[in-house]
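Undergrad: One-letter residues, chain by chain:
Protein chains: 2
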Amino acid sequence: MARTLTVGAAQLGPIQRSDTRKQVVRRLIELLREAHARNCKLVVYPELALTTFFPRWMMEGQAEVDAFFERAMPNADVQPLFDEARRLGIGFHLGYAELAEQEGRTRRFNTAILVDPNGDFVGKYRKIHLPGHAEYEPQRPFQHLEKRYFEVGDLGWPVWRAFGGIVGMCICNDRRWPETFRVMGLKGVELVVCGFNTPEFNASMVEPGHHRMMHHFLSVQSGAYQNGTWVVAVAKAGMEEGCMLHGGTCVAAPSGELVAVASTLGDELLAYTMDLDATAPIKNTIFNFARHRRVEHYGIIVEQTGAIPPP
Amino acid sequence: MARTLTVGAAQLGPIQRSDTRKQVVRRLIELLREAHARNCKLVVYPELALTTFFPRWMMEGQAEVDAFFERAMPNADVQPLFDEARRLGIGFHLGYAELAEQEGRTRRFNTAILVDPNGDFVGKYRKIHLPGHAEYEPQRPFQHLEKRYFEVGDLGWPVWRAFGGIVGMCICNDRRWPETFRVMGLKGVELVVCGFNTPEFNASMVEPGHHRMMHHFLSVQSGAYQNGTWVVAVAKAGMEEGCMLHGGTCVAAPSGELVAVASTLGDELLAYTMDLDATAPIKNTIFNFARHRRVEHYGIIVEQTGAIPPP
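Taken in order, these protein sequences are the chains called A and B. Residue 311 is where the first sequence ends in this note's numbering, and the numbering goes up by one at each step. Residue 311 is where the second sequence ends in this note's numbering, and the numbering goes up by one at each step.
Please note that a few of the clues may not be correct.
Stated by the list, open to error - Think about it this way: if two alpha-carbon atoms lie no more than 20 angstroms apart in a straight line, the pair counts; the simulated SDA-like pairs of lysine to any residue are:
| no. | chain 1 | residue 1 | chain 2 | residue 2 |
| --- | --- | --- | --- | --- |
| 1 | A | Lys-124 | B | Lys-22 |
| 2 | A | Lys-283 | B | Phe-82 |
| 3 | A | Lys-283 | B | Lys-22 |
| 4 | B | Lys-22 | B | Glu-60 |
What the hints assert, rightly or not - Not everything, but these chain A residues come out facing chain B in the computed CB check (under 7 angstroms):
| no. | residue |
| --- | --- |
| 5 | Arg-105 |
| 6 | Arg-108 |
| 7 | His-129 |
| 8 | Pro-178 |
| 9 | Glu-179 |
| 10 | Val-183 |
| 11 | Leu-186 |
| 12 | Gly-242 |
| 13 | His-246 |
| 14 | Ser-255 |
| 15 | Phe-289 |
| 16 | Ala-290 |
| 17 | Gln-304 |
| 18 | Gly-306 |
| 19 | Pro-309 |
| 20 | Pro-310 |
Stated by the list, open to error - Cβ-Cβ distance ranges computed for the label pairs, FRET-style:
| no. | chain 1 | residue 1 | chain 2 | residue 2 | range |
| --- | --- | --- | --- | --- | --- |
| 21 | A | Arg-38 | B | Tyr-136 | 45 to 53 angstroms |
| 22 | A | Val-152 | B | Pro-309 | 43 to 51 angstroms |
| 23 | A | Glu-64 | B | Pro-309 | 22 to 30 angstroms |
| 24 | A | Gly-209 | B | Met-213 | 44 to 52 angstroms |
If you're looking for bench data, these hints aren't it; they were derived computationally from the structure. Built from N, CA and C at the ideal position, the CB exists for glycine as well.
Build out the structure end to end from the sequences listed, making use of the hints.
TA: Given below as structure tokens:
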């Protein structure tokens, strides 16, 4: 019997700063209901799905920053999503800014959770590859202060048996790094879910605009192919506080092929039925790691962080 | 002053078993002369460029196998290529089967060399990711016995200062593995040259035919982008001994974009002028390894060879 799973990639249009969490949760629930009508068992929401992408602003006051963080999950604003998902028997993946009291101090992470159709927590992931910068950069039209507002995730890339397969998570910039997918690939991952907020304009360099979407697809497709896994990547999209997010919510098959792509920059549910067993042909042949990987030649990948050109 | 380099990707059409090395070297020299006329300073030939792709056959006798190997490089058959390249002031990359007397025994590698415009050796690479299998598999229309006829390369992935930049090599199946590019990326590589012989039909699994070329491009483009390096990948192409090689000689920019692709399945010179400084914007921003890599979470990539799913 094929291990099929219908996933709803729940792209969000922009969230403005004035939008309340209650308003956003209503949109999430709307997409959840559409997903239910379309037979989905798992709904994937974007990174930082409860608020606008606040790292675009330099904020001096910690209280102003912390207003974008969740101190508990669920909390009163988000509880209706948890309730409705359980009622409908749908699991979900949700990204949010997490404020945690941990090891005697306040810690802040760019976090995602996976919740099963019974409403139970499957697992949590905290973003490891934080892009951007930590200090104000006046030449940028928008800041990208993830390195200021978040700590590097401390949970690695776990995978879990859930939704009939082996599921892992990553967030936004993580998808550009082959290390992200390889770590989960080595744990047999069959489905990677990934939310993102990617600006259309890259303020750190001059590049043709179409490269942005190409880089997104290239990263997702190569991560899928090179590990024989499904990838569902879900955007926050559209014009958010004057900053255009490029969208491109998509599903990549274990072959690396793009098999579904959203067509709008707004709230849009992309429902796709995948066969988790379609991971096996790639995992057992071209990317049979046990047969083909040569770790004795990979040491530098872990031993060395930055590039060191020859003298 | 821009560091421009004009590279000739010298795709070869098929080499049949009955073709002699002398005949093949004449074709290589023909392409070299065209490259010279088109201002190339480096010519990249395919993997195993002197003979047919012999791992498609099961051969019991070692003498029969060894007839496809070179015991010295250059040797009498190949010397005319070295001579003409030096005369024209062009460097080259050449793949061949290498038989080496080393550590008191006979060793066989799938090898490539890099020779500078003065005719001096820059370096040697021995293929690490050998695809295929070691034992005869009767269900295959063609064998892929690289694991039988070659040892795993023992030189790692060095890079060299050459041709005005930092150059590295890999061979065929190596390009599918992000580890290959990352190891060289960590050494600051600006140009990776890669020869390949890739059959259109994958005998190890059932897959749509168009996936083969997609996988090739996906691997090359992601390796380029994720390390901010130029990649020149050069095919042996066309119908060789009844086995179709899919071609697809190409140049990928450090942006990941395909900027040149061969249009035939025969001997074809693809000349492309690249700016080696175009690697810097990617290396200094999105893939600034020192700023963004988190090696503390990558350990499993080196510690574990095969995939181990959760219990």
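Undergrad: Work down the list of hints and note, for each, if the structure agrees.
TA: Hint check results:
This hinted pair does not check out: A/Lys-124 and B/Lys-22 have alpha carbons roughly 62 angstroms apart, beyond 20 angstroms. Restraint check for A/Lys-283 and B/Phe-82: the C-alpha separation of about 42 angstroms exceeds 20 angstroms, so the hint is violated. For the hint linking A/Lys-283 to B/Lys-22, the alpha-carbon distance of about 41 angstroms lies beyond 20 angstroms, and the restraint is violated. About 26 angstroms separates the Cα atoms of B/Lys-22 and B/Glu-60, which puts this hinted pair outside 20 angstroms; it is violated.
Against a cut-off of 7 angstroms between C-beta atoms, the interface hint on A/Arg-105 is violated, since the closest Cβ of chain B lies about 19 angstroms away. With its C-beta approaching chain B no nearer than about 17 angstroms, A/Arg-108 sits outside the 7 angstroms limit, and its interface hint is violated. The closest approach between the C-beta of A/His-129 and any C-beta of chain B is roughly 6 angstroms, which is under the 7 angstroms cut-off, so the hint is satisfied. With 7 angstroms as the threshold, the beta carbon of A/Pro-178 comes within range of chain B, its nearest partner Cβ sitting at about 3 angstroms, so the hint holds.
Annotation: A/Glu-179 was flagged as interfacial toward chain B, and the flag holds, the nearest CB pair being 5 angstroms apart, inside 7 angstroms. For A/Val-183, the interface hint holds, since its Cβ comes within 7 angstroms of a Cβ in chain B; the closest pair sits about 6 angstroms apart. With 7 angstroms as the threshold, the beta carbon of A/Leu-186 comes within range of chain B, its nearest partner Cβ sitting at about 5 angstroms, so the hint holds. Using the Cβ-Cβ criterion of 7 angstroms, the hint placing A/Gly-242 at the interface with chain B is not satisfied: the shortest such distance is roughly 22 angstroms.
Taking 7 angstroms as the C-beta contact cut-off toward chain B, the hint placing A/His-246 at the interface is violated, the least distance being around 14 angstroms. At its closest, the beta carbon of A/Ser-255 sits 5 angstroms from a beta carbon of chain B; the interface hint therefore holds under the 7 angstroms criterion. At a threshold of 7 angstroms, the smallest CB-CB gap from A/Phe-289 to chain B is about 5 angstroms, leaving the interface hint in force. Interface restraint check: A/Ala-290 against chain B, minimum CB-CB distance 3 angstroms, threshold 7 angstroms, status holds.
Taken as an interface hint, A/Gln-304 checks out: its beta carbon lies about 5 angstroms from the nearest beta carbon of chain B, inside 7 angstroms. For A/Gly-306, the suggested interface contact is upheld, since its CB lies about 3 angstroms from the closest CB of chain B, less than 7 angstroms. Hint status for A/Pro-309 relative to chain B: holds, with the closest Cβ pair at about 3 angstroms, below 7 angstroms. Against a cut-off of 7 angstroms between C-beta atoms, the interface hint on A/Pro-310 holds, since the closest Cβ of chain B lies about 6 angstroms away.
Distance hint check for A/Arg-38 and B/Tyr-136: the Cβ-Cβ separation is about 49 angstroms, which falls inside the suggested range of 45 to 53 angstroms. Between A/Val-152 and B/Pro-309 the beta carbons are some 27 angstroms apart, a value that contradicts the proposed interval 43 to 51 angstroms. Look at A/Glu-64 against B/Pro-309: about 44 angstroms separates their beta carbons, and that is not inside 22 to 30 angstroms. For A/Gly-209 and B/Met-213, the hinted distance range of 44 to 52 angstroms is not satisfied, since their beta carbons lie about 26 angstroms from each other.
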